[in-house]
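Asks: Using the sequences and the hints given, assemble the complete structure.
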Amino acid sequence: MISSYLLDMKDWKKKVEEGLKSGVDSSKRLFDRAKERARDIGDYSVLSLEIRQLQARHDDLVSRLGSSVFHLLVEEGRGSISSRTIELRDMLAELEDVSTRLAEKREALQHLDAESDGEHASADE
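Start counting the sequence shown at 26; every next residue gets the next number (our numbering).
To be clear, the hints were calculated from the coordinates, so they are not data collected in a lab.
Some hints could be false.
As the list claims (entries may be wrong) - With a straight-line cut-off of 20 Å between C-alpha atoms, the simulated SDA-like cross-links for lysine to any residue are:
| # | residue 1 | residue 2 |
| --- | --- | --- |
| 1 | K130 | L120 |
| 2 | K130 | A118 |
| 3 | K35 | S47 |
| 4 | K46 | F56 |
| 5 | K130 | L86 |
Replies: What follows is the structure in structure tokens.
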């Protein structure tokens with residue numbers, strides 16, 4: 026009787042230890058996922074801010090370009106202008122650079138969204 030009681034106690038102790046270890050492992054996995062998610066949110070926030078800033082710069086350049094074109098054609102009375110026109114050349118180059126960087130940031134944000142969606146799907150399983 027006592028020996029079966031001792032076996033039951035050892036068995037119970039082993040189950041408690043396994044349960045505690047399992048709980049600690051689960052907590053660690055949960056903490057690691059939360060830490061990774063916080064990092065993703067930080068990356069997402071930085072990219073979103075950069076996109077808003079680049080979009081504002083892009084919009085400003087387009088507005089300035091339109092004003093310059095109007096000024097050259099209407100106010101100065103030029104018959105034609107092109108992308109090689111001195112007054113427009115630098116602005117067009119900057120606009121192209123900003124547009125390229127804006128597209129890259131948007132692509133990076135979409136990539137981050139796709140990674141995040143994939144991680145959520147695997148975490149839900």
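Asks: Would you list, in rising numerical order, the hints stated earlier that this structure does not obey?
Replies: Per hint list: zero violations.
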